[in-house]
Amino acid sequence: MKRFTQSVCILLVMSMVLAIPAYAAGIQAAKGSSYFTMSSVYLEPISDTRFEVWFRVTATGTMDELGSSMIIVQRRASSSDEWENDRYYYPSTYTQMIDYDQITHAACVTYTGSDDYEYRAYVELYAKKGTGTAYMPEYAYF
Amino acid sequence: MKNHADLHRELTTLPPEQLMAMLQAETRKPVPDDDLVLEILHILEKQEAGKPIVLTDREKAAWREYQASVIRRGNPLQPVLRTATATAASLALILLLMFAMLPQEVSAGGIFDVISWCNEMALRLFSPGKEQAPLEYEFRTEHPGLQKLHDTLVEYGYDGPAVPMWIPEAYDELSRFEVDNSSRCVTISSGFTSGSKELIISISIFDTVVPQGYYKNDPDAKELEIYGTTHYLLQNKENCTATWTEENIASCITLDCQEDVLQEILKTIYVMEAK
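These protein sequence lines are chains Y and G, in that order.
Residues in the first sequence are numbered from 1 upward in steps of one, following my numbering.
Residues in the second sequence are numbered from 1 upward in steps of one, following my numbering.
One chain only, chain Y, in its complex shape (with noise of 0.2 Å):
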């Protein structure tokens, strides 16, 4: 527990840190895309072991289904370098993942975890426009 506070406590300091230039100081090098125009992931806590990962994501237009087609929350032991893959979302289960002929969404899924481990999500951003797809990943932080 009080592993997980801290590591929750450092995360955001950082986080924040490296955020404050501007809130649009994030601009993608050299990646673009016809179907996004701007995407946000992020960790939210909620308590000392509970956190949501949310998405917020703009199209550079309406889509015909646009959000998330999968979200793995993954987990790093504090003796270990390597990450783990813990929990697998999807939008048949988590319908809020997926919206229709949308330019803009948001949503989150909400995640339970130990103060055990530090953690991290990888969110697959999706649209859908007549017959193309777009994927597209980020890895969301604290």
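Simulated from the structure, these hints should not be mistaken for lab results.
Among the hints, a few may not be true.
[Claimed, not checked] Only pairs whose alpha carbons sit at most 20 Å apart, straight line, appear in this in silico DMTMM-like list of lysine to aspartate or glutamate:
| id | chain 1 | residue 1 | chain 2 | residue 2 |
| --- | --- | --- | --- | --- |
| 1 | Y | Lys128 | G | Glu238 |
| 2 | G | Lys267 | G | Glu138 |
| 3 | Y | Lys128 | G | Glu178 |
Chain Y is already provided as a structure; the job is to place chain G on it using the hints.
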């Protein structure tokens, strides 16, 4: 050698003509006695100060001749007066013309308003770096979709510049309008269609800092500063995106690549009026 007091007493008894003769004789010596010369001059000065001014006949004739010449030329002050009168008349005419050219609201306000206006004009002439009349922002548009976007922003607490007041007439249809809430911000998005093309305006109001990224395939982003705000123009494949932040507001506009049109749209966000 006589002392100074005795010399003074002896010299004061002599008439001016004799003192003058002594002075001339002393000054012609190879080595004049300076003390004697000074004493004679001092006594002569005192003697002249007490005497009334008496003109000689020659002096009287010269004075009469001068007076006659002044009367023939007229009042010696007349040229000065003529010049002063002409100058005053010119100034009056210029002031009258200036008053007639003043803005109506200034001239109708009275002399103090005129003085205040003149001071302000002088400040502008001699202090070019100073700001002129304060500019105020007021959102005005004929496009109902843009008005709706602005009104929604105001409902969420932001009434500053963020929404363009103009977009190309072809995008006359508001096809999409969404409000998305996430944990740290609310995003208001609007889509305007022109046939198969779409213009997207998305504005996010943040409670706290949140990481965010924009997609582009060109490594370089162009910068465009308007009214002090830096906008980044990104090439994102077949689309162009303009993105900027102001306080806790992050905005972006996306349309198919017409960068000049995008710039014109951006300029209309900051239309200000002088009050």
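Results of checking the hints against the structure:
This hinted pair checks out: lysine 128 of chain Y and glutamate 238 of chain G have alpha carbons roughly 17 Å apart, not beyond 20 Å. About 14 Å separates the Cα atoms of lysine 267 of chain G and glutamate 138 of chain G, which keeps this hinted pair within 20 Å; it holds. At roughly 18 Å between alpha-carbon atoms, lysine 128 of chain Y and glutamate 178 of chain G fall within 20 Å of each other, so this suggested pair holds.
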